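Make the full structure from the sequences, and use the hints.
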Amino acid sequence: MLGISLPTFVIGPFLVYLFAVQLGWFSPTGSLYPEDIVLPAVTLGAALSAILTRMIRSSVIEELGEDYVRTARAKGVSERMVLFKHVLKNGLIPVVTILGLQLGVLLAGAIITEKIFNWQGLGLLLLEDGIGKRDYRLVQGCVLVISVTYIIANSLTDFVYRKLDPRIRLS
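Using my numbering, the first residue of the sequence shown is number 1324, and each one after it goes up by one.
In short, the hints are calculated from the structure, not lab data. It should be emphasised that the depicted structure is a prediction, and the values quoted were computed from it without experimental measurement. From the three backbone atoms N, C-alpha and C, an ideal C-beta is built for every residue, glycine too. Watch out, some of these pointers could steer you wrong.
Using C-beta positions, here's what the derived DEER-type ranges look like [stated by the list, open to error]:
{"hint": "1", "residue 1": "M1324", "residue 2": "R1485", "range": "31 to 37 Å"}
{"hint": "2", "residue 1": "S1372", "residue 2": "R1485", "range": "37 to 43 Å"}
{"hint": "3", "residue 1": "D1390", "residue 2": "S1478", "range": "29 to 35 Å"}
{"hint": "4", "residue 1": "V1361", "residue 2": "T1480", "range": "23 to 29 Å"}
{"hint": "5", "residue 1": "A1397", "residue 2": "F1337", "range": "48 to 54 Å"}
Here's what the structure looks like:
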């Protein structure tokens, strides 16, 4: 529940305070060392992983009650095969939907996370050079890149749908 309810601008400074200031395990800002990616990655991934975990759980619980699962068990298929071949394959379709839609949230959260951890990226470029200096062309370019990335992610989501369920046709 904490991962879903806390936004990145709360999780990021909390992680910096706990793991960089109090424990001294990580540096609070920068991208000089490979371990400097841990705190920004956890900040961005907390909400996404919490939502995906809840979605996978509810999908699996729903699929376990279906008739084809009872039929597979009655035929003597092992429980492991039932879970991986039948339940997870059919239960992943709503999860793929959430995953595709969460990419937009991930990109928006990356802007805040880059500012908190002082990472050089598209978000910091958009904030400091684009919006801060009123460079409208740069803002438009950054928004265009984010939009194209979002469109590509949705197209890949449709492709994964087709792989998971061949009955879904591309039109």
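To see whether the hints hold, each was checked on the structure:
1. M1324 / R1485: 31 to 37 Å: With Cβ atoms ~34 Å apart, the hint holds.
2. S1372 / R1485: 37 to 43 Å: For S1372 and R1485 the Cβ distance comes to about 26 Å; the hint is violated.
3. D1390 / S1478: 29 to 35 Å: At roughly 33 Å between Cβ atoms, S1478 and D1390 fall inside 29 to 35 Å, so the hint holds.
4. V1361 / T1480: 23 to 29 Å: holds, 28 Å
5. A1397 / F1337: 48 to 54 Å: holds, 50 Å
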